[in-house]
Structure formats: C-alpha cells, structure tokens
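Enquirer: So the protein sequences, as listed, match chains A and B. The numbers in the first sequence follow this note's numbering, run straight up by one, and end at 292. The numbers in the second sequence follow this note's numbering, run straight up by one, and end at 429.
In short, the hints are calculated from the structure, not lab data. It is possible that some hints are incorrect.
[Unchecked claim] Straight line, CA to CA, 20 Å or less: simulated DMTMM-like cross-link-like pairs of lysine to aspartate or glutamate:
1. Lys60(B) x Glu71(B)
2. Lys422(B) x Asp44(A)
3. Lys422(B) x Asp65(A)
4. Lys113(B) x Asp44(A)
5. Lys194(B) x Glu144(A)
6. Lys61(A) x Asp421(B)
7. Lys114(B) x Asp44(A)
8. Lys333(B) x Glu345(B)
9. Lys113(B) x Asp42(A)
10. Lys410(B) x Asp421(B)
11. Lys114(B) x Asp42(A)
12. Lys188(B) x Glu144(A)
Each chain is listed here by its residues.
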Amino acid sequence: MRPERVRGEGRFALFLLLPAAIVVFGVVLYPVVRTLLMSFYDVDSAMPGSYPFAGLGNYAKAFQDPSFYPVLGHTAYFTIVSTVAELVLGMGVALLLNAPLRFKWLWRSLVVLPWALPTIVNGALWRWIDNGQYGVLNQLLGTEIQWLGSPFLALNMVIVADVWKNTSIVAFFLLAGLQTIPAEIREAAVMDGASTWRTFWSVVVPLLKPSIAVVLVLRTIEAFKVFDIVYVMTGGGPASGTQTVAFYTYLQAFSNQLFGYGSALAYLIVIAVGALAMFYLRLLRQNQMAGV
Amino acid sequence: MVAIDRRTVLKTAGGAGLAALLAACSGGKGASSGDQGSGKGEIRALFMKQAAYTEADVTKMTAAFTAANPEIKVTPEFVAYEALHDKIVAAGPAGTYDVVLIDVIWPAEFGSKKMITDVTGQWAPEWKTEMLAGAIETAQYDQKLYGVPWIMDSKYLFLNEAHLSLAHANPQWLDTWDGVLKTARRLKEAGVVKYPLIWSWQQAEALVCDYAQLLGAMGGKFLDESGKAAFNAGGGVQALEFMRQTIVDGLTNPASTQSLEADVQRVFQAGQASLVLNWTYMYGAANDAKQSKVAGKVQVAQTPKGSVGRPGVNGGMALCVTAGSKNQAAAFKYISHLTSQPEQEKYALSSLPVWTTSYDEPAVVQTNPKVVPQAKKQLDDLILRPQAKNYNAISQVLQAELQNALLGRKPAQQALDDAADKANSLLQS
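Next comes chain B alone, as it looks inside the complex (with noise of 0.2 Å):
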C-alpha cells in the first residue's frame, strides 16, 4: 500500500486553498465584455416557459430565422417565469446567453448594471412610431432602448357567462369595480359558487400586478412626482381596502393568498369562481374542452373602470443582447426577425403583436376575434410599475405588506405606510 505522509497531504492541501485565494482575487472576470462578432456563427437564446409564444412557436420562428440565415445557428433555451431573472443574472458574468428575454420591470436594473446592451442606434426610425406606446416601455430606461418589445399583454377580466345567466346577473355589470362587487354577492346569494372570485395573490410579483391594476383604477400612484412612494395615499389604499374586503365579504377565495395565475385558470375552469383576472392566455386555454369545464362559456372584457378609469398593468415583456454576448451582431438580426410585424401576427394566437397596426389587420382578428378588439381598447391604457434601479427589492417589501394587509395582519393604511417607508430607503440607496 502506498503511503501519504501528513506532510504531503498539508503542502497539497495548503497549495490547492492559496491557489483558489489568488484565484478568487484575480476577479473572475468571465466573458463580460462582449462583441458586435461577424454576425455570423452561434448563438443561444434565453425564453420563458409558460403564456405567450409557447416553445413550438418559438421553435417555429427560429427555423423561420435559420432558414432565411443559415450562417447563423440559434440553440433556443426555456425557463418558467419565475426563474428567468435569475438565471440571467447567474450567466451574465460568464456570457452564457447572446439573447434574453426581460419583463417589464427590469430594463431599469439590466440596464444600469450593463447586463443588456443598449441598442437604440439601431432601432429602425419608424419602430417608435408604429409600436404601441406600453410596448416601448418594456424595453426602455434612462431615455434609451435596452432591447426590442415582443410580448405585449395585460391582465383581462375573464367570466363565466353562464354562471352570471344561473344568477340573473347583467354581464354589462362589471363595466365597473363596483359592478363586479355586485355581480359576485349576486352570484353567492344564488349560491353558484361559494367564492365567485380568485386572484394570483401569492406574495410574488402576480400580486403587485393585480394591486397595480386596482390601483390605477381608483386613481392611486406608485410614485410621486419627486421619485418618491405614493402608494400609501388614495387610490393605493382604497385598492388595497378594496382587495380585502372582498376576502372579508366571503366574495374572494381565501386561497388566493397562496395562488398564482396558473391556480386562478385551474379553478375557474373546474368551474370554481365565475370572475377572474388574467392573462391573454387563459382565454384559449379556458375555452379549450380538452383542459377546462367550462369551455365555450367564458368571456373576455377589458378590465373594469374604477373611480378614475381603466388602466391595465402593462405585462410586456421585449427581446435584449446580453452585454457578454461574443456575436452581438447576429443575436440582434435574430430578435428583429422575432419581433418583425409579419412574425408576430403568425402567432398572434398565442401573444398579441406590439405592433399598433396589427389590431386592425383582419388575419389577426381572425385569430382571436373576442380577445383581439378588447385588447386594443386595453392596451392604449396601461400602468407600469416603478422603473427602479432595485425594483425587485421594492417590490418585495410591497408583496410582503399587501400580504399582511390581505391576511388581516395591519389595516390596509398601516400596510402601505410601512410599505412605502422601506420602499423610500431602498430608492434613495
């Protein structure tokens, strides 16, 4: 038997530990700092798994691409929503992804951190113009343009026309907040359903949209002039007492606190809650036979008006190249033929073009022909959310206290104020 003695063993393992010392001083410095390349070669492409364009649409276009560019090679990759942010945040460093795809609210922190590459020299002139002004926003900080817009969505009112025809209930009703209120103490009186409404109001970012939407509705403001939290005054805090009352009145499912928009489609279509907020999405999965009870009975409408009117949550999500990218040129020339007008409007059953034109086209109509004119009403009226730097953080205190306020922990006041005091130090920092 060979014998190591402590000795070498000590050398070994002292060696490996100052070698990984120096190693880790040295920085790591990755693959950072990126390149325009040939605009050929190899690229990868980061996409979320679930609503919009599903895998086979995106697996679709890239052979589109492919096809029109065989010098370029794309290797397409799928996350769920919930994971997308950080997995970009984790192979920036190395320059894993030529291409992401980034939500709405974080243009701001990929931006200022130049995890994304500013791209708006070489945004076509007439993009501007001819794409929807909330699309714009998904891809812009600081007056510049850190991708291209390519999911344009908000969340719809959904409803089961039949529950509301069992319960005499007029579906011209939920024009308003208030009319939703009273179709749903309409529809428990007729003993329908037990909670005619769900939410997504998990202590995730589901919850700040559906807050965001009550909110814009009833006046309130994220922020003020000055940059500061404005949500703990007016219509911030009538939304919230609104959300909670509803819990109190038996009209809201108490297992919306634990719910995400996936578990709001579940139960509405076992037939479980007869009026929900969601994504463009859930209209085809929810008139689907093959996965819903409740197929051919759901309607869609804009969402309703408050005291001050009808601002849905702008969900949009664009297209970026990645600051480590080694072949900038070519992911580029793969996103614009991703988010080209006539790309979009094949697949405008699954997400709905950015593009202000196509909602008058009649092959995209066709497609959708219930969704497509509400969404045009909708999409002119969108609220966004903070475009701060650290608006994960300032979202997380958000949720954490709308929760409290939810469960009855704080009044709805008390909630937001403690809300907005942390959100304040987290802007200033």
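Looking at chain A on its own, in the form it has when it is part of the complex (with noise of 0.2 Å):
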C-alpha cells in the first residue's frame, strides 16, 4: 500500500494535468467522437437537429462518387511526388549543412526560412510568382506559361510550391541523423577505398535509415492532408485538376453543408493516413529489429 504522501502528490500531478486534459477533451476528443457520429447520420445542414440514421451510407457514398476518384488520384500523385522530391532533396540539403561550410549558421538560418513561413503566405507568394500575366518565373525564363492554367501543371506547381517549403523541415531531420554518425565510420569506409558514393550509399544511408524513416512517416500524413496550400494557391481549379481529398471533404461539409459525408470522408483520411503510419512504422521496427 501507498504511503498517504505519494497519493497526495499523485493527485497533486493529476491536477496539474487538468488543464491540459481538457484543452485535449475539448479540441481533440470531442470532435474526433462528434465526427465519427455524425458520419452515419444524414446530417444535411449545420444546424443542430434530429437527422435520419445513414449507417455505413456515407461511406458507401464515397466510393459511389464519381468525382471522389479523380481526387483520390491527386492525393495520391501528390502525396508521392511531393515526398520522394522532398527526401531526395532534403537529403542533399543536409548533406551540404553537414559538410565543413564557413558561415555554416547563416546557410541553416536561410534553409530554415521557407519552413517558417505561414503556409497561406506560402500559397499567396507561389500563386503571385506562377501568375502566367505578371508573374516572376514567367520573367525569369522569359516564357509564357500559364503555369496554373492546366490541371496536371497545376498540380505539379502546387507541389512545387510544398517542396519549397517543406524539404527545409526535412533537411534539418536528416541533419541531425547525419550528426549521429561518427566521422570515424566514414573515414574507415574512404580508408578502405570505398567511393565517395558508396560510401554515401552503403554506410551513410543505412545509418541514416531511422531519421529517413520518421520523416518519411511526417511528411506522407501531411501531404495526404493538403488544403490550405490548394486553397490558396488554386481553388481547386482549373477544371478541379488540384483538388484532393482534404479539399474536397472541406467543400462538400462547409460549402455544400453536407456535414455527414463530410465527416465519412474525413474518416476516411483518418483511415488512409493511420494505414500508412502502421506501415511505415511496422518497416521501421522491422529495420531496427534486423539491426539496420
């Protein structure tokens, strides 16, 4: 049995954990269930009511949605192109910030920089520089693209637009991998006269394969997610060419208030983004396990 001192401060801690637990309850629990709840109901408009029971309806719906597949496809060509550019990328950035640089804490302050930016500010600034009329990239290639003009080019300067901000988040993870290696490793593998790329490849990338795999994890939930960048940058045109699932979920439960199907679609996220999780981390804790 527990001496009275230790149950008073257990207490004491439960308490001071109060604030936080209802600041989760409020803004993450209670939507989550709400949510949950409300995709099997008929719920049609914003205004509380009683609406007819609609089971698994919303969700059979989605797949029943003729426009739903289209945007399934952007997510995923997003999700993918936008990660594989952001690690590859990403790498040689933190390759660079790792090497013997002078200044080196003014080259991370300004790869930092674009991660920093409000990604609304990030849409704004990348929608002004595609501008197909006065845009930058138009002046400095010294063509006339209409970079936002046509829904594939769209789409790909849309994930131009999160590479840009999104490879700094993902240089600095692999930095600080790239900082666990010992240089000692490295100069044994030159040592023995393993190229400067297998030496990257065999020794550099194994180690790193931890830090590659959180980022991996990190970066696919989020781009599956993508709005705000979408909204900013495209509306979801031309022709619906940019539109993904979060975008669609939000139009179809705020614009067209039919908040049932809405939140059977965000479910769906949840569901396709918590498969992935699972995936990559069952890959990773098989890595670990195989001393990877």
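From the two separate chains plus the hints, produce the assembled complex.
Expert: Next comes the structure, spelled out in structure tokens:
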C-alpha cells in the first residue's frame, strides 16, 4: 500500500494535468467522436436537429461518387511526388549543411526560412510567382506559360510550392541524423577505398534509416492531408485538377453543408493516414530488429 | 518523482473517451434557438471586406446607428467574400452573429435550413414597390423574405478609351457582343495590347457570373419551367462557345482561367487589357491615379447586347437576422438603418442603393455621374442564378465543366450536357 504522501502527490500531479486534459478533451476528443457519430447520419445542415440514420451509407457514397476517384488520384500523386522530392532534396541540403562550411549558422538560418513561413503566405507567394500574366517565373525564364492554367501542370506547381516549403524540415531531420554518425565510420570506409557515392549509399544511408523513416511518416501524412496550399493557390481548379481529398471534404462539409458525408470523408482520410503510419512504423521496427 | 501508474492513466483516458462519447451523443445543441430579445444590448454583424461598402463606410454607418440608438452596441466583423459563406455556416449553430450579409445565391440554402429568419412580416409594405425588383430577389425564397437588400450590383463593361482611340475603334461598337469581338480584333491587329480581353474565369462563382451574363444575352436559361437544367441548350451553349472562341482567337488573355475579379482589375489598371466585365467598384479604382496606370481613360457601359437582350447578372446582397440571434429585434433595427434610403444614398459612391428613386436623386447621380445612368438602365434587367437549396453544389459542377470547355478539354455541348446531368441529380436530391 502506497503511503498517503505519495497518493497526495499523485492527485496533485493529476490536478496539474487537468488544464491540458480539458484542452485535449475539447479540441481533440470531442470533435473526433462527434465527427464519427455524424458520419453515420444524413446530416445536411450545420444547425442542430434530428437527422436520419444512414449507417455506412455516407462511406458507401464516397465510393459511388464519380468525383471522388479523380480527387483520390490527385492526392496520391501529390503525396508520392512531394514526399519523394522533399526526401531527395532534403538529403542533399542536409549533406551540404553537414559539410565543413564557413558561416554554417547563416546557411542553416536561410534554409529554415521557407519552413517558418505560414502555408497560407507560401501559397499566396507562389500564386504570384506562377501568375501567367505578371509572375516572376515567366519573367525569369522569358516564357509565357500559364503555370496554373492546365490541371496537371497546376498540380505540379502546387507540389513545387509544397516542396519549396517543406524541404527545410526534412533537411533538418536528416541533418540531426547525420550528426549522430561518427566521422570515424566514414573515414574508415574512405580508408578502405570506398568512393564517395559508395560511402554515402552503403554507410550513411543505412545509418540514417531511422531518421528517414520518421521523415517519411511525417511528410506522407502531412501531404495526404494537404488543403491550405491548394485553397490559396488554385481553389481546386483549373477544371478541379488540383482538388485533393481534404479539399473535397471541405467543399462537401462547409460549402455544401453535407456534414454527414463530409464527416465520412474525413474518417476515410483518418483510416488512410492511419494505415500509412502503421505500414511505415512496421517497416521501421523490422529494420531496427534486423539491426540495420 | 511522482509515479502515475498505467491503471490510472488508462482509467483517466477511458473516462475522457466515454465523456466525449456522451457529450457528442448529446447533440451539441449550441445556441441555435433565437430570441427577439429586449431590443437592447450587444449585437455582432458579419460583413465582407472587398467591393461595395468599405469597412470605413460600415464603421461610419454603425456609428450613426449607435448614436441614435445608444442602448444597442454593435460589433462589426469583416471577412473576404470567399470566406463569407463558410463563416456563416460555421458560426450558425453557436449563434455567434446576429446579422449576416448574404449573397443573392444563398437565401434558398440558408432559408430552407432555417439559419436565417423569415422577416416578411417586418417589411414595411412600401418597400416592395420602392425597391428595385432585382434587389428584392436577393432576400427572397419560396415567397418569403429572409432579409433586407443592401447591395445592388451587376457586371458592367469597362473600356480603355485611349486604347480604342489608338486602334481607331468606335466605342459604339461595344453595344453588342459581336461588336466587342470586332473591337477586340481591331485592338489586337493594331498591336495596342496582346490580349484585349481578360475575364474572371477561375474555377469559382465569378466564372458563373460572367457565364450568366452571356447566357442571358444569347437567350439561354439556367433552368426550364419544370426546374430542370436548361443551360445545355441554345443560348447556354452559344455563350460557352463564344467564351472558348475568344481564347482560341487569342483575344482573351489565357490567364483568365486563373483570374478572379481582382486579377481582372489589376491587369486592366496596368493597361494590359482594353475591355473587361467587372462590378461597379472597378470604375472608381481604375480611375484612381494612385493605383491605376489608366486613370482618366476608363469608361463604363452597360453589358453588351446579344441575340436576345443584355441582362446583367444579379450580384445583389442582403442583410439577414440569424436564427440563432438572441437579440433579433435589435438586429433588425440595425439592418433597417443600414438599408434605409437616406443612409444608402450617403454612401452611393461605394455601392449603389437598392431604392428605385435614388437613381434620379441629383445627390446620388453626382457621386458617380458616369456609372449611375448606366446602372439605372442595367439594374432594370437582371438575370438570376438558380435559387436552389443546394446551389453551391450545382455551381461547383457547372464551374468545373465550364473550365473543361474553356481549356479545350471538352466541346462546349458535351461539357454542358455533363454539367446538366450532374445538376439534375443534385436538383432532385
């Protein structure tokens, strides 16, 4: 049996946790449960009231909705291309920042700047840069391309904006990983006659796998939920070519007041993101168990 | 260090989860059941930031109201038009706002979902005869009035006189859409501008507004008498073919499909376009030397005539009392002040009044001598977008298909047939 003093301290600790618990309850738990319940009802208004029970009807509707599949395709493309691009570029930037450079603090500060920009500002910035009439990109290239004028090109330009912003955070994660690799290991590889590429591929990358896995999990999940940059840069156009699942969910819930359907779409995102996270984490655990 | 055992953590988390479930099941009643209130106290009002009355205008109007009604305190808030609808929706259940500004396309949605109150009984009988017919439509749905009209607008044709003069084009040609094409070709051939026309054809409501104006001019209809989509026949198809052809012919700036009204204004004010459709506010902005390179060279005209007529798109907006307001009497009093004829006439430079006789008032005409006579003619002939409960969803499918045609991904007829199919299933749902 625990002494009275320890139990008293335990109660005090729980009391100190109370404000955080209330916040978590209010802004996470309650909306999560309420959205789940709403997804089983045919809620077609923001106003409270009694709505018909739909069971899994809203979930089935998503798979019967012809607009949902292109939206899913855009989201998958955005997620894969932006995550891969951010990983490759982030690795390059991390290697540069890890090299013995002068004014290292300055380069690190500069690299983190895009990530420090709010996504809304980043979206507005790139909307201007990509403007076909007076955008700086056409000025620089001496072209007259409507960068946001056709669906596929516009989707790729949104990816460029996302990559520009998020490569920094990927680079910093990988840089942290790189700094845990002892210089002696790389020096030994060089002494054994390994080329720079071979050293990178056979020594650095395997040791960086945990950092890469964490970055992949975070960026994939973030990319799958992309909304704000699309909202600002293209509004989902042209010809719905940049609509993602999160954007489509927002349209259904708030513009069309189909809150039941919107909630089901939101939970489909949760399920997809959860599955991706589980897959990556399992992969990470397998690697760790294999001692890689 | 104090150890909290796993059982405590699990019990706490389980308790929180159960509490969340119970709270969520309770339905979150919010403050949706409104009340007339005492007619005193505090009210909150939601307006839009851009176009029509400025924030400074609304602040002055509100100050005049509170000076005359010191027992009522008003807190106005402003959001971009693009965020207005969703803010009204999100704030609806909590009854955050007492007064909201709604677009002409929303009374059916908000009225049928009981988010705004029916104020038919509070209208003074003479308002129905003294207000412009198009203005009344901005607050009307199913024979009921859900607010009081406040902003009266349509899209006008703005022209750069200096450009026309350089190309030896006669401004009178702009009386018809065929004449607009003739003028645009002349401007292009003369090398005055690369693209004489720019439009707000981004995938947004702005695109439907431009399309509505052309559809009306060419004799098209959004819906037929039975309430089914009719824009995929006759004038509706001709209007879209006209729009696409101006891109193919190099008369329309290809940036149009990514432009909203503010982008159109920017390009026109930079002297990079000669003929554009836009709302009334652009006349003042384009003639303001501080922000426009073409100040003093801008003229405004009625929307051009097509084969059938020249209706302008109804771009009116109304002020409504929310269903969740706990102070509906004070809210209606405030609305009555803002929409009153004397108050609207004071700010006619920013937005034209909803009152018919205002257009003959010398003081009003004086505020904007070029625009008011055009508006007087234009506001008598307006085309209304469909008054459907799920208009937003219908508009979204129409916007996407219009863009498919404008970008050359589908022929106009096929794009509109596809849009009509989707719109009909939405209209039946």
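Enquirer: Need the status of pair Lys410(B), Asp421(B): alpha-carbon distance at most 20 Å?
Expert: holds (15 Å)
Enquirer: Between Lys194(B) and Glu144(A), is the straight-line Cα distance small enough, at 20 Å or below?
Expert: With Cα atoms ~12 Å apart, Lys194(B) and Glu144(A) stay inside 20 Å; holds.
Enquirer: Compare the distance between the alpha carbons of Lys114(B) and Asp42(A) with 20 Å, and conclude whether the hinted pair is satisfied.
Expert: holds (17 Å)
Enquirer: Quick one, are Lys422(B) and Asp65(A) close enough, alpha carbons at most 20 Å?
Expert: Holds - the C-alpha atoms of Asp65(A) and Lys422(B) are around 11 Å apart, at most 20 Å.
Enquirer: Is Lys61(A) close enough to Asp421(B), meaning Cα to Cα at most 20 Å?
Expert: Within the cut-off at roughly 18 Å; holds.
Enquirer: So if I understand the rule, the pair passes when the alpha-carbon distance is 20 Å or less; does Lys333(B) with Glu345(B) pass?
Expert: Roughly 18 Å separates the two Cα atoms, so the pair holds.
Enquirer: Does the structure keep Lys422(B) and Asp44(A) at a Cα separation of 20 Å or less?
Expert: This hinted pair holds, its Cα atoms lying about 18 Å apart.
Enquirer: Tell me if the straight-line CA distance from Lys113(B) to Asp44(A) falls inside 20 Å.
Expert: holds (9 Å)
Enquirer: Given the proposed pairing of Lys113(B) with Asp42(A), does the C-alpha separation stay at or below 20 Å?
Expert: Holds. Lys113(B) to Asp42(A) sits at ~14 Å (cutoff 20 Å).
Enquirer: Does the structure keep Lys188(B) and Glu144(A) at a Cα separation of 20 Å or less?
Expert: Holds, at about 17 Å.
Enquirer: So if I understand the rule, the pair passes when the alpha-carbon distance is 20 Å or less; does Lys60(B) with Glu71(B) pass?
Expert: holds (17 Å)
Enquirer: Holds or violated: are the alpha carbons of Lys114(B) and Asp44(A) at most 20 Å from each other?
Expert: holds (12 Å)
Consistency note: the structure conflicts with none of the earlier hints.
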